[in-house]
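**Q** First to last, the protein sequences are chains A, B and C. Under this note's numbering, think of the first position of the first sequence as 2, with each following residue one higher. Under this note's numbering, think of the first position of the second sequence as 15, with each following residue one higher. Under this note's numbering, think of the first position of the third sequence as 0, with each following residue one higher.
Keep in mind the hints are simulated off the structure, nothing from the lab. Worth double-checking, as some hints may not be accurate.
To be verified - Calculated pairs, BS3-like style, for lysine-lysine (alpha carbon to alpha carbon, straight line, at most 30 Å):
{"hint": "1", "chain 1": "B", "residue 1": "26", "chain 2": "C", "residue 2": "218"}
{"hint": "2", "chain 1": "C", "residue 1": "447", "chain 2": "A", "residue 2": "28"}
{"hint": "3", "chain 1": "B", "residue 1": "94", "chain 2": "A", "residue 2": "330"}
{"hint": "4", "chain 1": "B", "residue 1": "26", "chain 2": "C", "residue 2": "452"}
{"hint": "5", "chain 1": "C", "residue 1": "218", "chain 2": "C", "residue 2": "405"}
{"hint": "6", "chain 1": "A", "residue 1": "504", "chain 2": "C", "residue 2": "447"}
{"hint": "7", "chain 1": "B", "residue 1": "24", "chain 2": "C", "residue 2": "218"}
{"hint": "8", "chain 1": "C", "residue 1": "144", "chain 2": "B", "residue 2": "24"}
{"hint": "9", "chain 1": "B", "residue 1": "27", "chain 2": "C", "residue 2": "218"}
{"hint": "10", "chain 1": "C", "residue 1": "452", "chain 2": "A", "residue 2": "28"}
{"hint": "11", "chain 1": "C", "residue 1": "90", "chain 2": "B", "residue 2": "27"}
Stated by the list, open to error - A few chain A residues facing chain C, derived, Cβ under 8 Å:
{"hint": "12", "residue": "76"}
{"hint": "13", "residue": "89"}
{"hint": "14", "residue": "610"}
{"hint": "15", "residue": "614"}
Built from N, CA and C at the ideal position, the CB exists for glycine as well.
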Amino acid sequence: MSAATADKHAEAHGEHDHHEHYEPFWKKYIFSTDHKVIGLQYGFTSLVFLAFGFFLMMVMRWSIAFPDRAVPLLADWPWFQAWLDDGGKVTGDLYNMFGAMHGTIMVFLGIVPLAFGAFGNYVTPLQIGAPDMAFPRLNMASYWLYLLGGALMFVSFFLPSGAAKAGWTNYSPLATTTDLHYGDLFWTGQTQWLVGMALLISSSLLGAVNFICTIINLRCRGMTWMRMPFFVWAMLVTGFLLLLAFPPLEVAAIMQLMDRLAGTSFFVPTGLNVSGMSFDAAGGGSPLLYQHLFWFLAHPEVYVLILPAIAIVAEIIPCNTRKPLWGYKTMVYAVMVLGFLAFIVWAHHMYITGMGPAVSTFFQTTTVLISVPSVILITSLLISMWGGSIRFNVPMLFATAFIPMFGIGGLTGLPLAFTLPDLHLHDTYYVIGHFHYVVAPGTIFGLFAGIYHWYPKITGRMMGTVLGHLHFWPSLIFMNGIFGPMMIQGMAGFHRRAFDGGKAYEQISNQIFAEPNGFIANICEILNIIEPDAAVRMIDLNIVTSGSAWLLAVFQVPFIINLFISKFIGKKVTSDNPWDATTLDWATPTPPPHGNFYTEPVAYRGPYEYSVPGAATDFTPQFQNDPSALTSNADAHEESDRETAAH
Amino acid sequence: MAEATHDYSKHKKTYAAVGIALGVFTMVTVALGLWPPLDFGPPGPTASDFVLGLAVASTKASLVALIFMHLNHERGLIYKLLLFTFLFFAGLMILTLFADFDPIREQYDTFITTKGWLTEKP
Amino acid sequence: MEIPYEVTPRRDTGLYNAKLGVWLFLASEVMLFGGLFSAYVFLRLGVQEGVDNPWPWGVSVHKNFVWLGAINTVVLIASSVGVVFAWVALKERKWRQYQVLMYFVVACAAVFMCLKTVEYNSKLNHHHGIKLTDNSVMEGTILDKTDRIRFNGEKISISLQGALPAVLRDLDSDDFPEFTVTEGPEGTVGTKLDSASSFSSWFAENRRMIGVKLAEERKRYRAEGASGVANPKPVSVTTSAVLTASKPFAIHGSPRKIVGHSDTAVNYKDGVKLEGKLISDDVTFELHEVDMQLVLPQSQRESVVWNVINDEAAKQQFFASQSRKYQELVEYYGKRDEVIPVSMLRGHYLNVNFVHVAAEGHGHGEKEKAHDEVHTSEPKKSAGAGGDHEEHGPSRLITVPRDQIKFMGNHGPRYGNYYAIYFTMTALHGIHVVGGALVLLFFVVFGKKLYLKNPEHLANRVEVGGLFWHFVDLIWIFLFPIMYLL
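Put together the whole structure using the sequences plus the hints.
**A** This is the structure we're talking about:
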């Protein structure tokens, strides 16, 4: 923040103050149209959902690690009475319910709203120098639809049928035929999952329209395309992914809703039998159609999960290495290519559905292709650190950890991209490990980094460093403690849906491999498929994984404490730009008022001008006044545009 | 307020003409469906009927999009947006079908299905 | 700071915010309807002949409603023209003209929805089909809810956990029998329940009590397990009850709620079992057509449908008509194409196997013959306009035994994938029509204030609303041929 602009702020204060004073609490913080308040609403709601989703997973992990012991602490809760068995152990139904809802909540109610809704809402307009989103009221509607969808998902736990149990993918015909015996079909978990999804999708669509429109139309003077921070680019691509990929899932949800409520058979094949009885429907539908429509969204959704995290890291790394982002333009093109390819790789989730070889080849090719832009992004971030004098503050720690964690997640995906290894690995813990490496230590670390990074802008105080370290290091260790063993188990063939943690493998081992030279044991040895008791030897890893998961939960406590107490006792920031960053979000007052900027911001240069030779400081913000930079290039065009508008 | 004086009579004529053309094309669509002399190829809805029917519908749709929705006055941005939307829509439709009617697997499927009574002449 | 470009377009993009926003929204709508169109193509091409229901020909489904569809197309086009003219009127600052045009547009939307309702009503309430065990299909009307199972109940076995049993809604609340609990949890045996409300409060009370008891029992069980008792007594709480009625009560059970029934018992989907006496489960059906498309040609003569209809004359009529239709079909189309695909020869779309069966005494009447001839010599036209025989042609009443029925229902979304996607897409489109019309109505009813303040802003709004409206029109332009004609 230069002194000159600070003065202007002071001048402007007087005339703008009346804006904020007369707003009642509910209007300012509940039904607000201010993108920052909405961003915070998104942030808090999604953090609550993340915690809830994590809780579901902890219960599941108990069942996997100790299938024959009662769940501690929970057995006396009234709700659990209905779902635990007499001895207080987790039942298959409960496990299925928690499994399905863990996925749904984490993806649709946790990470996407936190990454896209919260960070996108808070930071994007600031970084492009806009006073707000293009459609503030639409923005508010988007949040409330999200909350309503989330509330329905949450309420569905308390219905007689419980919440959805057919996996987070909700594949038909299982999802169509589950819980059909309840009298009120509408108020069953499966149906509410669909209704909730329809609301969440609508919310995301409104959000996406708003983001894209804001980025395209509300960039401030001088903010040309190639001067936009990488974060904004990523948000633009994410917006397009949501905009164009979500509607097919909405179609799938509508069709499945029709299947459940109106008795249609979009996804019900002819001659379907359910529990030994012929299913009363016309038939002729295609379960595969559901999978296509679902994965047409759900693959781009993975990039919706990861792009904001990469973008946050791409803001934090140059700031803390005091070097420009290496290969900014390449990254921009890479993210666009990534967005495009994301739409044509979806069927690699469906290799074992019996697709033909020709189409498998197509999808294998595109899947391998999409790793190229991903690697470009990660490599650029890595090279950005080369030779820098790195400030290892807490956000930078998370950002640094993000790179190898996401790298592991990405690279372990390669075997899944090919049909042959996928036949073995499909539906094993390997897939879980791979995906979670991408989103848990990957995306969530990126998001934590973002919280630590922008916290001073939001509150005017820094988050505590000691608690930050206490949060980071154990998290790093236990994240790997959870997902590393999963990879090993997965390669040994552990199936992901075994609620008792693979007791069946023990049984098989005892019965079939009892004699060392038995027939099957010999065949296994001759064909060298797998060691007969490989899976059994991996069972104990369950305890490592589960223990790590619970410890990970414990070490989130420092973060929660830090998040709340730093607001009151954190170190006060001394300027509006505490990290000495270059982008426009740091040009606003702290915290930014409604309308963001007191004077109209202007971008005079690119977003990552760190350590420019000859400059007075090691950073040259975009908003540092330099009239020659404005008129010397393409902005002359926009300049005249301003004049016409004013006229 | 300078725009208020813009002359719209020419626009109005175009809009009316397009409206009438759309009505006429609707009649053509109905005729293609119901009037036997316009039914080419084998009976029932066959490839030729689909091509003709959808061609007429596409013509109508482009008239609506270009004239009524002012696409003919828009800049590249909207076109780019629609181009990508169309590409992804085509991808969704074609790849989904491709997955179910894989040319290599088709040979296998044909072998399976032609053993049945389907090939018998009535 | 105010949000820029709310009214004036931004120079480099050439768009004001709302217009860009609506185009983005329309892009997502393209993907929404695109997904449904993809589903349509996928399902239609995925029909396995001889296994799945054949995909019907739109014309033969809609019959005289094809014209309703055509009129609806014209109505929507007229409204589209209306919107652009309304926009021009605003640009020329003619408020009055704008008002009139906008009301015209909204009226068009209303007409559209009314015609749609007529169409839906006919399909949902007047057309039924019954598929028999060998896949032969009878088309007609199921009379007076005879698809329901009529049963005299005496005893109900219910579970006291979960939701209130669905059977309670099937009971006549005015003539509610007095129930006595004959088996059930401790202390409830002998309780008398004489109304629906007392039943449900009794149910709720017991459900709560059972919950409490279960919790206690489980606590004891876990405690014993933890303290090392070798074989703790397993949890046992009575959770079911049997109620006997003072007098037999009549039930008309919807087949969708019932999973199985015999002469003495009915099983509801939610696990409730009813004991008593079956009155009748036969379906009384007004038969219009017999449809043999799914039956092997060589087994058509032995089809179950002839046992059900039980009239040799009707059978003769069917096969005479069928062979005549084949002949004429080959004559008519043979000239054009040397090879007619197998499915065509089987009369997939032209209803060769789909024959109107007249009532006794009308078997070979002049009228029928004339009708059939029209049907085949000009197949498309007759199928398009020939639907009227259902209203006018004499039909026969038959009784269909329940055990011969594989599937039955009205021509609603349940009836097959064509109907499913037809209803889904047209309903979704209908929602768009209603939504668009409401927005346009808002612009004209509450637009005056904005018009006086900033007419350009209102014109922009109408342009943006109009864009959406044109898109709705555009979707219908594709829906009409795909659903009604192809």
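**Q** Identify every previously stated hint that the structure contradicts and give their numbers, smallest first.
**A** Those not satisfied are hints 1, 5, 6, 7, 8, 9, 14, 15.
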